[in-house]
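**Student:** First residue of the sequence shown? That's 0 in numbering that gives the first Met the number 0, and the numbers climb one at a time after it.
FYI, nobody ran anything at the bench for these hints, they're computed from the structure.
Check the hints yourself; a few may be wrong.
To be verified - Within a straight-line C-alpha distance of at most 25 angstroms, the following computed SDA-like cross-link-like pairs (lysine to any residue) qualify:
| id | residue 1 | residue 2 |
| --- | --- | --- |
| 1 | K80 | S69 |
| 2 | K28 | N79 |
| 3 | K18 | L68 |
| 4 | K80 | F19 |
| 5 | K80 | P48 |
| 6 | K3 | N47 |
| 7 | K13 | A41 |
| 8 | K18 | V75 |
| 9 | K80 | L68 |
| 10 | K73 | G25 |
| 11 | K13 | S29 |
| 12 | K3 | M42 |
| 13 | K28 | F67 |
| 14 | K73 | V12 |
| 15 | K3 | F70 |
| 16 | K13 | S39 |
| 17 | K13 | A50 |
| 18 | K73 | S29 |
| 19 | K13 | K28 |
| 20 | K73 | D56 |
| 21 | K28 | A41 |
| 22 | K28 | P58 |
| 23 | K3 | E30 |
| 24 | K73 | N47 |
| 25 | K80 | P15 |
| 26 | K73 | E63 |
| 27 | K80 | A41 |
| 28 | K73 | P58 |
| 29 | K18 | K28 |
| 30 | K13 | P58 |
| 31 | K3 | F19 |
| 32 | K28 | A72 |
| 33 | K80 | S26 |
| 34 | K3 | L65 |
| 35 | K13 | D27 |
| 36 | K3 | L37 |
| 37 | K80 | S24 |
| 38 | K3 | D27 |
Remember, predicted model here, so these are calculated numbers, not experimental data.
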Amino acid sequence: MLKKILMNTVFSVKNPVLKFNDGVSGSDKSEQQGMTQLFSGAMLAFRNPRAHQIISDDPENALEILSFLSFLAKAVDRANKG
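With the hints as constraints, model all of the structure from the sequences given.
**Tutor:** Shown next as structure tokens:
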């Protein structure tokens with residue numbers, strides 16, 4: 000749960016540490032909130048199960064997860080300090 004709180008703090012819509020856009024329009028705020036949820040969801044869906052048990056991902060599934068995580072990593076690279 001701590002990691003979810005961290006994601007919500009870092010990518011907060013109101014006072015983000017990292018922001019994905021100017022945060023001016025409603026669309027900007029929606030994108031920021033969506034990215035927050037993607038990062039939080041990735042931790043819950045991918046990291047947590049594998050940290051608590053042995054999971055055998057088939058190669059295709061593993062590649063899809065890595066592709067999604069690559070998208071998130073590139074989004075952080077493009078983000079600006081809040």
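**Student:** Mind listing which of the numbered hints don't hold for this structure, in increasing order?
**Tutor:** 5, 17, 22 and 30
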